[in-house]
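There are 2 protein chains.
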Amino acid sequence: MSDRATPAEQVKELSRGTVDFLTPEELEKKIGKGKPLNVKAGFDPTAPDLHLGHTVVLQKMRRFQQFGHHIQFLIGDFTGRIGDPTGKNETRPPLSDEQINANAETYKAQVFKILDPEKTEVMFNAAWFSKMPVADFIKLASKYTVARMLERDDFEKRYKSGTPISIHEFLYPLAQGYDSVAMKADVELGGSDQKFNLLVGRGLQKEYGQESQVVMTMPLLVGLDGQKKMSKSLGNYIGITEPPKEMFGKTLSISDATMWTWYELLSDLSTADLVRKKEEVTAGRLHPKQAKVDLAKEIVARFHGAAAARAAAEEFERVAQGGAPDSMPEFRIAAGTKVLDGLVAAKLVGSKGEARRLIEQGGLSVDDAKVSDIAFVLAPGAHVVRAGKHKFARLVVG
Amino acid sequence: MSDRATPAEQVKELSRGTVDFLTPEELEKKIGKGKPLNVKAGFDPTAPDLHLGHTVVLQKMRRFQQFGHHIQFLIGDFTGRIGDPTGKNETRPPLSDEQINANAETYKAQVFKILDPEKTEVMFNAAWFSKMPVADFIKLASKYTVARMLERDDFEKRYKSGTPISIHEFLYPLAQGYDSVAMKADVELGGSDQKFNLLVGRGLQKEYGQESQVVMTMPLLVGLDGQKKMSKSLGNYIGITEPPKEMFGKTLSISDATMWTWYELLSDLSTADLVRKKEEVTAGRLHPKQAKVDLAKEIVARFHGAAAARAAAEEFERVAQGGAPDSMPEFRIAAGTKVLDGLVAAKLVGSKGEARRLIEQGGLSVDDAKVSDIAFVLAPGAHVVRAGKHKFARLVVG
Chain Z
363 MSDRATPAEQ
373 VKELSRGTVD
383 FLTPEELEKK
393 IGKGKPLNVK
403 AGFDPTAPDL
413 HLGHTVVLQK
423 MRRFQQFGHH
433 IQFLIGDFTG
443 RIGDPTGKNE
453 TRPPLSDEQI
463 NANAETYKAQ
473 VFKILDPEKT
483 EVMFNAAWFS
493 KMPVADFIKL
503 ASKYTVARML
513 ERDDFEKRYK
523 SGTPISIHEF
533 LYPLAQGYDS
543 VAMKADVELG
553 GSDQKFNLLV
563 GRGLQKEYGQ
573 ESQVVMTMPL
583 LVGLDGQKKM
593 SKSLGNYIGI
603 TEPPKEMFGK
613 TLSISDATMW
623 TWYELLSDLS
633 TADLVRKKEE
643 VTAGRLHPKQ
653 AKVDLAKEIV
663 ARFHGAAAAR
673 AAAEEFERVA
683 QGGAPDSMPE
693 FRIAAGTKVL
703 DGLVAAKLVG
713 SKGEARRLIE
723 QGGLSVDDAK
733 VSDIAFVLAP
743 GAHVVRAGKH
753 KFARLVVG
Chain B
363 MSDRATPAEQ
373 VKELSRGTVD
383 FLTPEELEKK
393 IGKGKPLNVK
403 AGFDPTAPDL
413 HLGHTVVLQK
423 MRRFQQFGHH
433 IQFLIGDFTG
443 RIGDPTGKNE
453 TRPPLSDEQI
463 NANAETYKAQ
473 VFKILDPEKT
483 EVMFNAAWFS
493 KMPVADFIKL
503 ASKYTVARML
513 ERDDFEKRYK
523 SGTPISIHEF
533 LYPLAQGYDS
543 VAMKADVELG
553 GSDQKFNLLV
563 GRGLQKEYGQ
573 ESQVVMTMPL
583 LVGLDGQKKM
593 SKSLGNYIGI
603 TEPPKEMFGK
613 TLSISDATMW
623 TWYELLSDLS
633 TADLVRKKEE
643 VTAGRLHPKQ
653 AKVDLAKEIV
663 ARFHGAAAAR
673 AAAEEFERVA
683 QGGAPDSMPE
693 FRIAAGTKVL
703 DGLVAAKLVG
713 SKGEARRLIE
723 QGGLSVDDAK
733 VSDIAFVLAP
743 GAHVVRAGKH
753 KFARLVVG
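Top line first, the protein sequences correspond to chains Z and B. Anchor point for the first sequence: position 23 equals 385 in our numbering, and the numbering is continuous, going up by one each time. Anchor point for the second sequence: position 6 equals 368 in our numbering, and the numbering is continuous, going up by one each time.
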């Protein structure tokens with residue numbers, strides 16, 4: 363996809379996967395003016411440790427860059443310096459300037475795996491808020507009504523259920539909206555949970571005499587389980603700093619349905635190429651497993667480079683075809699220990715009973731030779747022990 | 363009343379006429395510490411043109427001064443400089459520094475008729491708000507909840523009826539409350555419509571680690587009609603810059619019931635003396651008219667001095683006993699004009715018919731001689747014409 367694409371072609375491609383898009387017509391008109399657009403996305407200034415779920419919005423930003431647009435990567439350091447003023451949220455103490463700068467550097471190191479640094483401007487909203495007189499902030503607050511703020515889903519629920527809402531919580535969406543004014547954003551991207559705040563920005567720009575930004579929200583990425591949103595706490599995630607092998611293997615583990623969602627939200631493939639790929643799988647010309655390998659390689663290549671992606675794919679293939687992986691966990695066991703106990707010690711099985719069943723069913727091999735004797739004792743030295751198809755350990759005896 | 367009064371005596375005297383008083387116990391404790399208290403009252407920075415209704419709070423401030431306390435006369439110039447940011451209220455454009463300073467001088471000229479300048483500190487809240495970082499203002503906003511703000515009567519009504527409330531309107535009570543923090547106010551006085559805002563200050567001081575201010579609110583003064591609150595627009599007021607004669611006469615026109623309310627809210631008489639006065643009237647030892655004269659003299663003396671008050675009382679008495687006033691409106695009429703037409707020209711009557719009835723009923727006198735001929739023509743020269751008991755004009759013929 364080149365930046366020679368017409369405004370209509372760009373809009374069509376950019377619309378992929380969006381939840382909210384207000385409005386395609388406005389975006390086409392803005393692109394049609396022929397200047398690179400300011401595409402804003404805001405991020406917390408807390409320590410970033412991104413997983414693939416966070417990269418959905420980054421991928422959309424990348425797509426804008428591929429069309430020649432200008433990314434405004436906004437770090438919300440102003441609110442970060444305030445912390446949680448109610449003091450109720452102890453996990454959100456105010457951040458020092460040093461912490462915020464360090465976090466910004468970590469962000470850059472991570473997001474520039476996806477974004478082109480040449481077309482990315484990293485901005486900090488303390489730049490305008492730290493200099494703003496309180497009087498101007500009050501004027502900002504006059505641009506929005508209490509009733510409209512209470513229409514935000516979470517506020518409405520809390521108000522109706524009697525859960526306190528501090529007044530400053532009404533000010534944050536306004537501050538976020540004012541960022542768009544200060545940045546002269548043409549487009550703002552965010553997660554679908556950010557829709558309300560993005561619309562506030564759209565409204566405020568109008569109040570301040572600017573053309574309203576286009577608002578595009580992206581869905582939450584479904585995790586490895588194919589059911590719930592990807593999150594650290596659910597354990598169904600792929601961290602973007604995970605090693606190539608892990609990234610590759612985890613991606614291969616997702617269902618076919620999940621694969622197509624990931625393709626839509628994470629792949630650089632153009633929509634036309636993606637449609638073609640789906641058709642090939644449907645027609646039986648492409649095995650879904652191969653499509654999954656292609657996706658996994660693309661993801662690994664993004665964070666570790668093409669060579670690492672190829673290596674991860676080759677090793678995965680070797681293991682899948684019965685070969686042992688390059689590296690595996692290693693355990694020391696005393697001379698004379700039965701392999702049955704060794705399997706338990708290496709955590710290749712959960713219990714002695716499971717180890718026994720594995721051996722009896724022919725699932726154990728030692729140094730590529732099947733072992734079916736449950737009393738088998740390993741000779742001194744190092745041995746590659748394989749339990750079932752995919753589990754390996756190196757047992758060092760003596 | 364001297365400043366030797368005990369804390370309990372002060373509290374009793376100061377409680378006179380209050381609508382809300384939170385709490386007498388706290389006030390007694392604060393006074394008991396032996397230091398002059400900071401007594402805050404806030405005023406709009408708009409052009410002041412005070413009537414007696416405004417002086418109810420000023421009288422309470424004066425009483426505090428008489429007990430040796432320190433008055434903080436706060437002019438809310440910060441919000442005045444913002445104006446009405448919604449632009450909906452065209453009568454409230456932002457005020458310039460020059461306007462605010464000029465208004466402050468006018469205020470001083472008026473309020474120092476009541477307050478002792480030596481014990482009054484004139485303060486401006488832009489002093490703290492113009493230097494406050496927005497972050498601190500957001501922290502301030504975190505100290506109060508949306509639900510509590512919506513409990514304020516007018517907000518509740520507007521929210522329920524769907525009348526828009528701009529978010530900045532929630533910020534003004536917080537700003538007013540923060541004034542008390544910045545000023546370390548021990549007491550805040552205001553009209554009873556200010557109760558909510560004064561309580562916000564009470565709560566905020568606690569949040570900022572200060573002892574909460576005592577809150578005292580005063581009722582609205584009933585106007586000359588004895589029915590509605592005194593106000594410019596209803597025309598039932600006495601402006602504090604009105605001439606002595608007007609002030610005196612208008613005060614004499616109020617009902618006995620209204621008189622006692624005015625005594626309670628406007629007079630310097632101690633509560634003990636006031637109780638005694640009421641008893642004398644009840645017992646028939648003092649004519650209510652005399653009590654009203656005493657009140658009118660006190661009010662005139664406050665704004666124009668004791669000599670002017672005596673003169674106004676004497677003139678009023680002379681007119682009441684049939685004498686002509688020192689000054690009266692003067693009208694020129696052509697030679698040969700009937701007195702009947704002269705009465706209409708001088709607006710002593712509303713119509714020719716009324717003039718005719720007046721003359722027929724014996725209500726007209728010219729130069730102290732009764733005239734009962736409706737065809738009477740005034741001789742050339744100046745004549746004092748009296749219609750009924752109290753209406754006079756000077757008619758100059760030819």
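Simulated from the structure, these hints should not be mistaken for lab results. For each residue, glycine too, the CB sits at the ideal point set by N, CA and C. Accuracy of the hints is not assured; some may be wrong.
What the hints assert, rightly or not - Residues of chain Z placed beyond 10 Å of chain B at every Cβ, according to the derived structure:
no. : residue
1   : 374
2   : 381
3   : 412
4   : 501
5   : 505
6   : 526
7   : 531
8   : 537
9   : 555
10  : 582
11  : 607
12  : 626
13  : 637
14  : 644
15  : 681
16  : 741
As the list claims (entries may be wrong) - With a straight-line Cα cutoff of 20 Å, these simulated EDC-like cross-link-like pairs (lysine to aspartate or glutamate) come out:
no. : chain 1 : residue 1 : chain 2 : residue 2
17  : B       : 493       : B       : 516
18  : Z       : 522       : B       : 513
19  : B       : 522       : Z       : 641
20  : B       : 501       : Z       : 716
21  : Z       : 501       : B       : 480
22  : B       : 522       : Z       : 513
23  : B       : 557       : B       : 516
24  : Z       : 501       : B       : 406
25  : B       : 519       : Z       : 635
26  : B       : 470       : B       : 480
27  : B       : 501       : Z       : 390
28  : Z       : 522       : B       : 518
29  : B       : 493       : Z       : 518
30  : Z       : 493       : B       : 498
31  : Z       : 732       : Z       : 716
32  : Z       : 659       : Z       : 635
33  : B       : 501       : Z       : 515
34  : Z       : 522       : B       : 515
35  : B       : 522       : Z       : 716
36  : Z       : 519       : B       : 480
37  : Z       : 546       : Z       : 716
38  : B       : 519       : Z       : 513
39  : Z       : 519       : B       : 513
40  : Z       : 501       : B       : 459
Hints, verified against the model:
no. : hint             : in the structure
1   : 374              : 38 Å, holds
2   : 381              : 27 Å, holds
3   : 412              : 27 Å, holds
4   : 501              : 4 Å, violated
5   : 505              : 8 Å, violated
6   : 526              : 5 Å, violated
7   : 531              : 8 Å, violated
8   : 537              : 8 Å, violated
9   : 555              : 20 Å, holds
10  : 582              : 28 Å, holds
11  : 607              : 46 Å, holds
12  : 626              : 38 Å, holds
13  : 637              : 46 Å, holds
14  : 644              : 53 Å, holds
15  : 681              : 55 Å, holds
16  : 741              : 70 Å, holds
17  : 493(B) to 516(B) : 31 Å, violated
18  : 522(Z) to 513(B) : 14 Å, holds
19  : 522(B) to 641(Z) : 56 Å, violated
20  : 501(B) to 716(Z) : 59 Å, violated
21  : 501(Z) to 480(B) : 37 Å, violated
22  : 522(B) to 513(Z) : 14 Å, holds
23  : 557(B) to 516(B) : 12 Å, holds
24  : 501(Z) to 406(B) : 19 Å, holds
25  : 519(B) to 635(Z) : 58 Å, violated
26  : 470(B) to 480(B) : 12 Å, holds
27  : 501(B) to 390(Z) : 41 Å, violated
28  : 522(Z) to 518(B) : 14 Å, holds
29  : 493(B) to 518(Z) : 35 Å, violated
30  : 493(Z) to 498(B) : 13 Å, holds
31  : 732(Z) to 716(Z) : 17 Å, holds
32  : 659(Z) to 635(Z) : 16 Å, holds
33  : 501(B) to 515(Z) : 24 Å, violated
34  : 522(Z) to 515(B) : 19 Å, holds
35  : 522(B) to 716(Z) : 67 Å, violated
36  : 519(Z) to 480(B) : 54 Å, violated
37  : 546(Z) to 716(Z) : 63 Å, violated
38  : 519(B) to 513(Z) : 18 Å, holds
39  : 519(Z) to 513(B) : 18 Å, holds
40  : 501(Z) to 459(B) : 18 Å, holds
Violated hints, in rising order: 4, 5, 6, 7, 8, 17, 19, 20, 21, 25, 27, 29, 33, 35, 36, 37; the structure is consistent with all others.
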